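Peer 1: Can you build the whole structure from these sequences, using the hints too?
Given next are the chains, with one letter for each unit.
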Amino acid sequence: MLSTECELLSNQLVAPDHYVMQILAPEIARASLPGQFVHLRIPRTMDPLLRRPLSVMLADKVHGHLRLLVRAAGRGTEIIVALPSGASVDLLGPLGSPFPMPDEIDGGSDKDVLLVAGGVGVAPLVCLADAMRSLDDTPYIRSMFGASTEDMLVCWTELAARSDEFSVATEDGSAGEEGLITEVLAGQLERGHARVVYGCGPAAMMAEVARMSAEAGVPCYCSFEQRMGCGVGACLSCAIGAAGGGYLRVCKDGPVFNAEQVDWEAIRDE
Amino acid sequence: MSEACPDLSVRIGSLVLPNPVMTASGTFGYGLEYADICDLSRLGAVVIKAATVAPRVGNRPPRIVETAAGMLNAIGLQNPGADAIIAEKLPELAGFGVPIIANLAGECVDDYVLLADKFAACGHVAALELNISCPNVEGGMAFGVCPEMTAELVGSVRAITDLPLITKLSPNVTDITEIAVAAVTAGSDALSMINTLLGMSIDVRRRRPLLGNATGGLSGPAIRPVAVRCVWQVYDVVDVPIIGSGGIMCVEDALEFIMAGASAVAIGTANFVNPLAGTEILDGLVDYCQSNGIKDISEIVGVAHG
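These protein sequence lines are chains A and B, in that order. The numbering used here numbers the first residue of the first sequence as 1 and each following residue consecutively. The numbering used here numbers the first residue of the second sequence as 1 and each following residue consecutively.
Source of the hints: derived by calculation from the structure; they are not laboratory data. Values in this document were obtained by computation on a predicted structure and should not be read as measured data. Hints should not be assumed to be uniformly reliable.
Simulated DEER-style distance windows between Cβ atoms [stated by the list, open to error]:
| # | chain 1 | residue 1 | chain 2 | residue 2 | range |
| --- | --- | --- | --- | --- | --- |
| 1 | A | M46 | B | V303 | 23 to 31 Å |
| 2 | B | R11 | A | R44 | 32 to 40 Å |
| 3 | B | V204 | A | A31 | 34 to 42 Å |
| 4 | A | A214 | B | G155 | 51 to 59 Å |
| 5 | A | N258 | B | D7 | 50 to 58 Å |
| 6 | A | A204 | B | R207 | 18 to 26 Å |
| 7 | B | D110 | A | N258 | 34 to 42 Å |
| 8 | B | D296 | A | R44 | 27 to 35 Å |
In silico SDA-like pairs for lysine to any residue, Cα to Cα no more than 20 Å straight-line [claimed, not checked]:
| # | chain 1 | residue 1 | chain 2 | residue 2 |
| --- | --- | --- | --- | --- |
| 9 | A | K252 | B | I37 |
| 10 | B | K118 | B | P55 |
| 11 | A | K252 | B | E88 |
Ideal placement from N, C-alpha and C gives every residue a C-beta, glycine not left out.
Peer 2: Laid out in structure tokens, this is it:
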């Protein structure tokens, strides 16, 4: 874990309210694993006061660049996405537990890996697909990306380029299948050739992904976000309900969880 | 170094801390979470997350929300219980050589006495901080808003331990000096102030409270003027050390508290913003003393009172 002031190399609007920030952070880029996040703040300001947790979409270990996908969702992230190129950002990271790689999961090595993304949740899955591409034993990657409209399929080319098959669903039918991405997942699971499902997106989507994967008997890992304080497991702010009672820390126990660890009922209710 | 190193040590009852910069309970976990980024051994003390007799799961999320120059939290005293903390956390933290202060939270006098007994017996803690001011659990502030109950609680714990006792006061009272005097008269060796201010924020889109617990404790720079005022008022009526806290982000903020009457400071919300806040503020205090010809930090404690 490092706390370091870095240069924002570029900050590009890629969809309404969505920006890709490229940051020069060689040490964090080299240490970063798929699914981990950085905790970003703007130095020498108190507005916003707290850091914001942001998933790493790509870590270019050669050039030392991090690419973060940021959705302007409130006052803090609105200020962050307005930063110009050349600005300083303070990063704490890499933080959290990464996605387990397919070879660490007992799901059958001859089968496919399914990635299910919803909206801004695509970011850590791009990073995961990128890492799986460089494995000696690269799995067959079937990716699915859902959003409300075509506009919100942010950075879809990044995921498509790293997948063997790529499907899209939009709620208004403006791109791909009309409907929810979980309907596409249902078709994929029916084929009975899935080794593991990785999901990241809205809570309701992930809950459905987890339920369907469990029903199909396929291991499932989801990446969560939550309002966060310290980012290192100390303050217990970023709690989500744990299966069997109590809470898990998104920053330290997660952000990636085995779907069986999570109390999905509590997450739907929040 | 051209100037002599100033004396930053602070006495709290029988305890002498190497310097006045400690962490505020609940903002630094058990210290271990920060061990690979912060040199814990440089801190004056680590005040650990509040311990209760039995484990507590904490409040339903969301538990934190940023507000103007501050944040609200409603963690709900989540902790694995005193026995687990003593067995699983303290031995490792003790290995860093930093004084450990245990923050105790109970529902009744007997809870506090039992907790004090357990932590005193474990041999790892240098002092006890009585948390009579948590706004985020039912009854958490009950002791801290009533002078008689404060006195009974402090007196009961005082009777069973020789460890230095610190009482952490709530700002959510009409007159904080009454509670302060009650705690000191009953045997508290020091006062820690302030705990968070009871606050609330509403999600206007969902038309519901933002925190799962509805209300929470406000901390950060937004509360600093309130905290400095509390220290200023209490300094006039007690003769024990005050540990000032409330939105300290940098050395100037720490100096404000010291000049208002605090002998030590506790860093809270700033740890989330900058994990090195405590050690940077310590460096800043050394610089300030050297630049201003101060040989002993106690020379400026309460200096603003004239």
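Peer 1: Next step is simple, just say for each hint if it's right about the structure.
Peer 2: We went through each hint and held it up to the structure:
The beta-carbon spacing between A/M46 and B/V303, approximately 27 Å, falls within the hinted interval of 23 to 31 Å. Under the hint 32 to 40 Å, the C-beta atoms of B/R11 and A/R44, about 35 Å apart, fit the expected range. At roughly 40 Å, the beta-carbon separation of B/V204 and A/A31 lies within the given 34 to 42 Å, and the hint holds. Take A/A214 and B/G155: their Cβ atoms lie about 56 Å apart, and the range 51 to 59 Å holds.
At roughly 53 Å, the beta-carbon separation of A/N258 and B/D7 lies within the given 50 to 58 Å, and the hint holds. Between A/A204 and B/R207 the C-beta distance comes to about 19 Å, which sits within the given range of 18 to 26 Å. Between B/D110 and A/N258 the beta carbon distance is about 41 Å. The supplied range of 34 to 42 Å therefore holds. The beta-carbon spacing between B/D296 and A/R44, approximately 32 Å, falls within the hinted interval of 27 to 35 Å.
The suggested pairing of A/K252 with B/I37 holds, with an alpha-carbon distance near 15 Å, which does not exceed 20 Å. Restraint check: the Cα-Cα separation between B/K118 and B/P55 comes to about 15 Å, which is no more than 20 Å; the hinted pair holds. For the given pair, A/K252 sits about 18 Å from B/E88 by alpha-carbon distance, which is consistent with the 20 Å threshold.
Violated hints for the displayed structure: none, as all numbered hints are satisfied.
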